Amino acid sequence: MDIKVHVRESDDDAYVVELGGEIDVYTSPKVKDAITELIDQGHYNLVIDLEKVRYIDSTGLGVLIGGLKRVREHGGTVNLVCTNPQIKKIFDITGLVKIFGIFDDEAAAKKALA
Amino acid sequence: MNAPDFGTEHLGTVELRIPSKPEWVAVARLAVAAIANRLPFSVEEIEDLKLAIAEACTICIQQGTGIQTIDIMCDASVSQLRVEVRDDRYRTLGAIGGEKRPTMSVAEGEGLGIFLIQALMDNLEYNSDPKYGTELVMTKRVGA
Numbered sequence: 001m002d003i004k005v006h007v008r009e010s011d012d013d014a015y016v017v018e019l020g021g022e023i024d025v026y027t028s029p030k031v032k033d034a035i036t037e038l039i040d041q042g043h044y045n046l047v048i049d050l051e052k053v054r055y056i057d058s059t060g061l062g063v064l065i066g067g068l069k070r071v072r073e074h075g076g077t078v079n080l081v082c083t084n085p086q087i088k089k090i091f092d093i094t095g096l097v098k099i100f101g102i103f104d105d106e107a108a109a110k111k112a113l114a
Numbered sequence: 001m002n003a004p005d006f007g008t009e010h011l012g013t014v015e016l017r018i019p020s021k022p023e024w025v026a027v028a029r030l031a032v033a034a035i036a037n038r039l040p041f042s043v044e045e046i047e048d049l050k051l052a053i054a055e056a057c058t059i060c061i062q063q064g065t066g067i068q069t070i071d072i073m074c075d076a077s078v079s080q081l082r083v084e085v086r087d088d089r090y091r092t093l094g095a096i097g098g099e100k101r102p103t104m105s106v107a108e109g110e111g112l113g114i115f116l117i118q119a120l121m122d123n124l125e126y127n128s129d130p131k132y133g134t135e136l137v138m139t140k141r142v143g144a
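Residue numbers (our numbering), protein chains in the order written: chain G, 1 to 114; chain D, 1 to 144.
Just so you know, the hints here were simulated from the structure itself, not pulled from any lab data.
Values in this document were obtained by computation on a predicted structure and should not be read as measured data.
For each residue, glycine too, the CB sits at the ideal point set by N, CA and C.
Warning: the hint list may mix true and false statements.
Claimed, not checked - With beta-carbon atoms standing in for the labels, derived distance ranges:
no.	chain 1	residue 1	chain 2	residue 2	range
1	D	G12	G	A114	52 to 60 angstroms
2	D	E9	G	Q86	23 to 31 angstroms
3	D	G66	G	G62	19 to 27 angstroms
4	D	T13	G	G75	49 to 57 angstroms
Let's have the full structure, built from the sequences with the hints guiding it.
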């Protein structure tokens, strides 16, 4: 059971949060901390890359929803990068595909922030 | 709780008890995946089961102040896997008052977890009460 969180600044004023591993009730606080820290620093346009995420549960979804709500209060947004069919299915059945922008690659996710 | 109706040939029962702590949920998830792998479930169905069982354990942890353990009982038959997840409070007190209490509706339930379980499994019974603890009984049929 592991989660890897890597945050980097993109060259177009966005921040990219690369996640890897499993996001569940044990690991989601670490993801929440990373996203909260970025927002607290005033970064409101985020790309969260889920390409290396093997598993996500409702607590992980809750962290992403919480982050989106906070950045929207400041006029920002959160776009996701995800091609894993099982994870996309979770977003689909929860209706979150209508809330988040979900893209096949980072370039498209960043372009949609602009 | 009524005796389970296996419908077809009963392959076996596996019981697992984990500490009621977030770091142990993955153990339940992986154990149920291994059990499901003994049945002719597709890879996608096994992924559904993993998520549903993890959500059930998470609900027990989040709703159960002061609980110590969570029991996961898997009844495997040729055509389905029935999984019972209950916290230790339900195990000791739920049996006393549980039969009189109606099954909690999803509308009364908590958030995305219950919604996901209902979407991913073929059947769900959900009982949760601060006094009597939490129990989720769910079934996944092969190829449904």
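Exercise for review: Starting from the hint 49 to 57 angstroms, judge whether the C-beta atoms of D/T13 and G/G75 obey it.
Suggested key: Hint holds: Cβ distance 55 angstroms, inside 49 to 57 angstroms.
Check your understanding: Is the distance from the Cβ of D/G12 to the Cβ of G/A114 consistent with 52 to 60 angstroms?
Key -> Given about 56 angstroms between the Cβ atoms, the range holds.
Review point. How does the Cβ-Cβ distance of D/G66 and G/G62 compare with 19 to 27 angstroms: does it lie in that range?
Key: 23 angstroms, holds
Check your understanding: Has the hinted range 23 to 31 angstroms been met by the Cβ atoms of D/E9 and G/Q86?
Key -> 30 angstroms, holds
Checked against the numbered hints listed earlier, the structure breaks none of them; every hint is satisfied.
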